[in-house]
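Respectively, the protein sequence lines represent chains A and C. Every number in my numbering is 15 more than the matching position in the first sequence, counting from 1. Every number in my numbering is 293 more than the matching position in the second sequence, counting from 1.
Honestly, the hints are just simulated from the structure, not real lab data. Note that CB positions come from ideal geometry on N, CA and C, so glycine has one too. Watch out, some of these pointers could steer you wrong.
[Unchecked claim] Restraint ranges, calculated between C-beta atoms of paired labels, are given here:
1) C/Lys307 with A/Leu149: 46 to 54 Å
2) A/Trp200 with C/Met294: 32 to 40 Å
3) A/Tyr152 with C/Leu445: 45 to 53 Å
4) C/Phe297 with A/Ser266: 45 to 53 Å
5) A/Arg28 with C/Gln524: 52 to 60 Å
6) A/Trp200 with C/Phe297: 30 to 38 Å
[To be verified] Some, not all, of what chain A presents toward chain C, calculated at C-beta under 8 Å:
7) Phe39
8) Trp51
9) Val57
10) Val61
11) Phe213
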Amino acid sequence: MIRYLRLYGYFVRFSVSRAMEFRFDFFFRIFMDGLWYAHHLVFFWVIYRHTSLLGGWTLDQMFIFAGGVFLADGLQMTLFSNNLWMLPNYVNKGDVDYYLVRPVSPLFFLSLRDFAANSFINLLMAAGLFAWALARYPGPLGAGAIAVYVALLLVGCVLHYALQMIFTIPVFWLHTSGGLREIYWSLDRYTGRPHGIFTGWVRRVLVSALPLALIVSYPTSVLFDGLTWKLFAHIVGVTAAAFLLMAWIWSRGLRAYASASS
Amino acid sequence: MRLFWSIAGVEARKRMAYRADFWLNSLVGFVTELGVAYFLVVAMFSGSERLGEYSRNGMLLYYVAVILVARLVRSTDLEWAIADDIYQGALNRYLLYPVPYGVMKYAAQVGALLPALVQVVLFSAWVPFVLGVPEGLRITPATAAMAAGAVLVANLLHFLCTYPIQLVAFWADNCWSLLVAHRLVAMIFGGIMLPLTLFPAWSQPILDALPFRYMFAFPVDALLGRVTPGQYAAGMAIALGWCGVAAALSAAVWRRGTLQYTGVGI
Numbered sequence: 016m017i018r019y020l021r022l023y024g025y026f027v028r029f030s031v032s033r034a035m036e037f038r039f040d041f042f043f044r045i046f047m048d049g050l051w052y053a054h055h056l057v058f059f060w061v062i063y064r065h066t067s068l069l070g071g072w073t074l075d076q077m078f079i080f081a082g083g084v085f086l087a088d089g090l091q092m093t094l095f096s097n098n099l100w101m102l103p104n105y106v107n108k109g110d111v112d113y114y115l116v117r118p119v120s121p122l123f124f125l126s127l128r129d130f131a132a133n134s135f136i137n138l139l140m141a142a143g144l145f146a147w148a149l150a151r152y153p154g155p156l157g158a159g160a161i162a163v164y165v166a167l168l169l170v171g172c173v174l175h176y177a178l179q180m181i182f183t184i185p186v187f188w189l190h191t192s193g194g195l196r197e198i199y200w201s202l203d204r205y206t207g208r209p210h211g212i213f214t215g216w217v218r219r220v221l222v223s224a225l226p227l228a229l230i231v232s233y234p235t236s237v238l239f240d241g242l243t244w245k246l247f248a249h250i251v252g253v254t255a256a257a258f259l260l261m262a263w264i265w266s267r268g269l270r271a272y273a274s275a276s277s
Numbered sequence: 294m295r296l297f298w299s300i301a302g303v304e305a306r307k308r309m310a311y312r313a314d315f316w317l318n319s320l321v322g323f324v325t326e327l328g329v330a331y332f333l334v335v336a337m338f339s340g341s342e343r344l345g346e347y348s349r350n351g352m353l354l355y356y357v358a359v360i361l362v363a364r365l366v367r368s369t370d371l372e373w374a375i376a377d378d379i380y381q382g383a384l385n386r387y388l389l390y391p392v393p394y395g396v397m398k399y400a401a402q403v404g405a406l407l408p409a410l411v412q413v414v415l416f417s418a419w420v421p422f423v424l425g426v427p428e429g430l431r432i433t434p435a436t437a438a439m440a441a442g443a444v445l446v447a448n449l450l451h452f453l454c455t456y457p458i459q460l461v462a463f464w465a466d467n468c469w470s471l472l473v474a475h476r477l478v479a480m481i482f483g484g485i486m487l488p489l490t491l492f493p494a495w496s497q498p499i500l501d502a503l504p505f506r507y508m509f510a511f512p513v514d515a516l517l518g519r520v521t522p523g524q525y526a527a528g529m530a531i532a533l534g535w536c537g538v539a540a541a542l543s544a545a546v547w548r549r550g551t552l553q554y555t556g557v558g559i
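Using the sequences and the accompanying hints, generate a full structural model.
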């Protein structure tokens, strides 16, 4: 464990120094994500000019939800996105070889090698927006509820990573430019909308087969409605199942990997 | 002109011969986008019959139309192609051709419209049967013709607005984030995320003056018969004016960029 932490420290150091070599890109990306936050906030602000509730939530609650979406996205972008973006390239060019011969888990190496320093700045911005949304919320929100929320959001980030990997790993068999990740990006739109607007079988799918509502939306509801053991067990159980499924598909993928001839 | 259509034809054939995952991604993207819009609209209308000038089905129809129009207006991965040519030094061969580079790239974008057009026809065929035709809505040959003209101008405008952004690649090591930024702004102020009439009254003159409305919302409004001939003429004039501004900016950026282009790529 200590060895992995130390290794991750090196990843961060190298990634930050590499990011500083491409200054334009560094600042452009921060600007882009800042616009993405503004775009979300404007979207909800305009909708709430015409309705007082959306999916059972007020504008103040929706801003907290949006803050959670930004935090989850910031974490995902900082820790995993660049790595998952490059993974299909490595598989198709046979570059996974370099990671298989190292005395470290290839899944750890390929998932966390590149730390996105620019997205870390965005993560700080997201934290600021989340704090702003909490501060303007008129009701009481205890420190305990916020701590539970943050913990569930971290679990949601693991779920997000596992789901994205499940859609990316098929590149071992498909040899396309991105596996099925474009499909995941399309489906990921559901993550950015509150679960309260979905009904019927779509909502059931969003908490089971494709549990995108468990990433941010359900953890946010804990802030307003409190946590039940059933919900806690469901979120943790589904995340564990998704992670195990991802690890299993990954091991099958490595078995199917045909090195540089892929 | 013959060369323009040849390039467009080659690109169209290339796209139509494309793989199954292109069509799968397109279908999933369309269904997901529409699904999210559907539930959003249902939730927005849960407490009221009308929202501004829209009924529930009217707004659903708007979303279907704007999602499909966006496919016609936005190029697909060609958006990154110009920056890639600059990064990789692939621009060299184009500089020797007797046709301006921007014209060739636009011809390729026009060619890429063919699969988008097929998608629009396939994905929209079911709409009248599922949503019905909202009360007061009249799509006539005249509104369809107006919309077709608006889409053509919107496609050109979108290309001309993203072209100078891609030319930033002459100076910056990566400009895809600027293209994403443009896409985000265009989505919110172009009417993809929400009908623009839902924005506050004070913002309407600003939205009218910006180019984004004419990329997406304006062709849809023309199709759905929401613009008068006078408004249509004014809208087209503003859109063409923005095309002129973007073309002038592109020419200036191109001149400066090619002066320092080394031809070896990054």
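Structure-based check of each hint:
{"no.": "1", "hint": "C/Lys307 with A/Leu149: 46 to 54 Å", "in the structure": "holds, 51 Å"}
{"no.": "2", "hint": "A/Trp200 with C/Met294: 32 to 40 Å", "in the structure": "holds, 38 Å"}
{"no.": "3", "hint": "A/Tyr152 with C/Leu445: 45 to 53 Å", "in the structure": "holds, 48 Å"}
{"no.": "4", "hint": "C/Phe297 with A/Ser266: 45 to 53 Å", "in the structure": "holds, 52 Å"}
{"no.": "5", "hint": "A/Arg28 with C/Gln524: 52 to 60 Å", "in the structure": "holds, 58 Å"}
{"no.": "6", "hint": "A/Trp200 with C/Phe297: 30 to 38 Å", "in the structure": "holds, 33 Å"}
{"no.": "7", "hint": "Phe39", "in the structure": "holds, 4 Å"}
{"no.": "8", "hint": "Trp51", "in the structure": "holds, 6 Å"}
{"no.": "9", "hint": "Val57", "in the structure": "holds, 6 Å"}
{"no.": "10", "hint": "Val61", "in the structure": "holds, 5 Å"}
{"no.": "11", "hint": "Phe213", "in the structure": "holds, 5 Å"}
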